[in-house]
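Student: Per this note's numbering, the very first residue in the sequence shown carries number 4; after that it's consecutive.
Simulated from the structure, these hints should not be mistaken for laboratory data. Nothing here was measured: the structure is a model prediction, and the numbers come from that model. Where hints are given, some of them may not hold.
Quick list of in silico lysine-lysine cross-link-like pairs, DSS-like style, CA-CA up to 30 angstroms [as the list claims (entries may be wrong)]: (1) Lys49 <-> Lys65; (2) Lys101 <-> Lys65; (3) Lys49 <-> Lys132; (4) Lys65 <-> Lys132; (5) Lys132 <-> Lys101.
Computed beta-carbon distance windows for the label pairs [said to hold, decoys possible]: (6) Ile130 <-> Glu75: 32 to 38 angstroms; (7) Thr103 <-> Asp78: 31 to 37 angstroms; (8) Met63 <-> Pro147: 15 to 21 angstroms.
Built from N, CA and C at the ideal position, the CB exists for glycine as well.
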Amino acid sequence: MLSRRSFLTSLSCIAFAPVVGAQEMPVFYADDGVAVSGYDAVSYFKIGAPVPGRPDIALMWKGATWRFASEENRDRFERNPRAFAPQFGGYCAYAMAKGTLSSTDPQAWQIVDGRLYLTHSEAIERIWKQNVFQNIREAEQHWPEVLYQ
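Let the hints inform the model, and build the full structure from the sequences given.
Tutor: Okay, structure coming up:
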């Protein structure tokens, strides 16, 4: 006969089994483990342009390596990463608006209301910009659930 303790232990194992076995997408798109394709996320805000980061000036955040052009930018990011990290985990914002995931091009970007959005390509960026606020609203409806579909 199963004791109460054995039953509760078994029940807790069953409850958590799907979580342990689930394969999850990374929260941040990181090609080869490097976020924003190695570009300095702070540079978009600081100088209004993407600048390649240096491998020797980097930190780990949310399971990805983030590279920076300067120690000052690294320190700014470290103090408040959410202020600089791209929205929707760095996945293509336009694809997110359509409920799918896509890689991004660090040269295809836009800052809207103080937030960085990356898109798959400059051609997609042009489409994204045609109705940016509607696209943001639609993307927010899919994020982060699209990671688990």
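Student: Do the alpha carbons of Lys132 and Lys101 lie within 30 angstroms of each other, as the hint requires?
Tutor: Satisfied, since the Cα-Cα distance of roughly 14 angstroms is no more than 30 angstroms.
Student: Are the Cα positions of Lys49 and Lys132 separated by 30 angstroms at most?
Tutor: At roughly 21 angstroms apart (the allowed maximum being 30 angstroms), Lys132 and Lys49 satisfy the hint.
Student: Has the given pair, Lys65 with Lys132, been kept, meaning a C-alpha gap of at most 30 angstroms?
Tutor: Status holds; Cα separation ~28 angstroms.
Student: Are the Cα positions of Lys49 and Lys65 separated by 30 angstroms at most?
Tutor: Measuring from Cα to Cα gives roughly 22 angstroms; hence the hint holds.
Student: So the hint says 32 to 38 angstroms: do the beta-carbon atoms of Ile130 and Glu75 match that?
Tutor: holds, 35 angstroms
Student: Given the range 15 to 21 angstroms, decide if the beta-carbon distance of Met63 to Pro147 lies inside it.
Tutor: Holds - the Cβ-Cβ distance for Met63 and Pro147, about 20 angstroms, lies within 15 to 21 angstroms.
Student: Against the 30 angstroms threshold, does the CA-CA distance of Lys101 and Lys65 hold or violate the hint?
Tutor: holds, 24 angstroms
Student: In this structure, is the beta-carbon distance linking Thr103 and Asp78 contained in 31 to 37 angstroms?
Tutor: holds, 35 angstroms
In terms of the numbered hints stated before, the structure departs from none.
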